[in-house]
Amino acid sequence: TFQVNRKQFDKKTFGGVVNISSQAGDWSEPALVQQIINDMVRQYALATEAYVGGQLAAAANNATVQIADFTNGDDVIGVLYQGAAEMRTDTGVLPTHLIVSTSIWADLGQAKTSAGQYIFPYLNPANSAGQMGGAAVMTGNPLGLSLVISDNLGAGGHAMLLYGRALEVYEDRSRTGGIRVDNPATATAQLGLWGYIA
Numbered sequence: 001t002f003q004v005n006r007k008q009f010d011k012k013t014f015g016g017v018v019n020i021s022s023q024a025g026d027w028s029e030p031a032l033v034q035q036i037i038n039d040m041v042r043q044y045a046l047a048t049e050a051y052v053g054g055q056l057a058a059a060a061n062n063a064t065v066q067i068a069d070f071t072n073g074d075d076v077i078g079v080l081y082q083g084a085a086e087m088r089t090d091t092g093v094l095p096t097h098l099i100v101s102t103s104i105w106a107d108l109g110q111a112k113t114s115a116g117q118y119i120f121p122y123l124n125p126a127n128s129a130g131q132m133g134g135a136a137v138m139t140g141n142p143l144g145l146s147l148v149i150s151d152n153l154g155a156g157g158h159a160m161l162l163y164g165r166a167l168e169v170y171e172d173r174s175r176t177g178g179i180r181v182d183n184p185a186t187a188t189a190q191l192g193l194w195g196y197i198a
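Each residue of the sequence shown is one higher than the last, beginning at 1 in our numbering.
In case anyone wonders, no lab produced these hints; they're calculated from the structure. Be careful, since some hints might not be right.
[Claimed, not checked] Simulated DEER-style distance windows between Cβ atoms:
1. Val148 <-> Ala198: 17 to 23 Å
2. Gln190 <-> Tyr163: 40 to 46 Å
3. Pro30 <-> Thr102: 34 to 40 Å
4. Ala45 <-> Asp10: 18 to 24 Å
5. Glu168 <-> Thr89: 20 to 26 Å
6. Leu167 <-> Thr64: 45 to 51 Å
7. Gln190 <-> Asn141: 42 to 48 Å
8. Thr64 <-> Ser174: 40 to 46 Å
9. Gln35 <-> Thr113: 17 to 23 Å
10. Val4 <-> Gln35: 42 to 48 Å
11. Thr64 <-> Gly16: 39 to 45 Å
12. Gln66 <-> Thr102: 25 to 31 Å
13. Ala136 <-> Thr186: 41 to 47 Å
Note that CB positions come from ideal geometry on N, CA and C, so glycine has one too.
Produce the complete structure using the sequences and hints provided.
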């Protein structure tokens, strides 16, 4: 008989506030408040990504074979396949995503075979092992994997294979539109923004 059990997730609150004087609002452009909220949303996104990246890195297992030089195309392809095989043996699933730090992303874009051919070319990827989106776009599909770039997996350069359905993030950002509380006694307004994540 199949069983369904509840799983309790610890929830975290991320957010912040900023005080704005009435003068700052009156003496600047009309869109000041919206620009501040937009920046708060970006800071919120950075904080929640750092939290999720830290949780993911803490739960990950090290592969038995590591890539020594991410610009060595032959090594990259060989080790990624070995890592995928190891994941399949240990868990029964194959990876769907490759999560890398920015420095590793840059190396993958330069990775060449011993014959001097790019393994993930930006243009005309005929007979290649995948494609990179180019220097202006952080996308790609090395060996058919969805590429994700994040510098929140720990210090230094990192690469991680992930089976996408193994990671679930629950987030309620209904408060990221910003809450404004006016304080006429000090001629200020306080903007608050927060969300919940598990």
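Here is what the structure says about each hint:
no. : hint                          : result
1   : Val148 <-> Ala198: 17 to 23 Å : holds, 20 Å
2   : Gln190 <-> Tyr163: 40 to 46 Å : holds, 43 Å
3   : Pro30 <-> Thr102: 34 to 40 Å  : holds, 36 Å
4   : Ala45 <-> Asp10: 18 to 24 Å   : holds, 20 Å
5   : Glu168 <-> Thr89: 20 to 26 Å  : holds, 24 Å
6   : Leu167 <-> Thr64: 45 to 51 Å  : violated, 22 Å
7   : Gln190 <-> Asn141: 42 to 48 Å : holds, 45 Å
8   : Thr64 <-> Ser174: 40 to 46 Å  : holds, 44 Å
9   : Gln35 <-> Thr113: 17 to 23 Å  : violated, 47 Å
10  : Val4 <-> Gln35: 42 to 48 Å    : holds, 46 Å
11  : Thr64 <-> Gly16: 39 to 45 Å   : holds, 42 Å
12  : Gln66 <-> Thr102: 25 to 31 Å  : violated, 19 Å
13  : Ala136 <-> Thr186: 41 to 47 Å : holds, 45 Å
Consistency with the previously given hints fails for numbers 6, 9, 12, ordered from lowest to highest.
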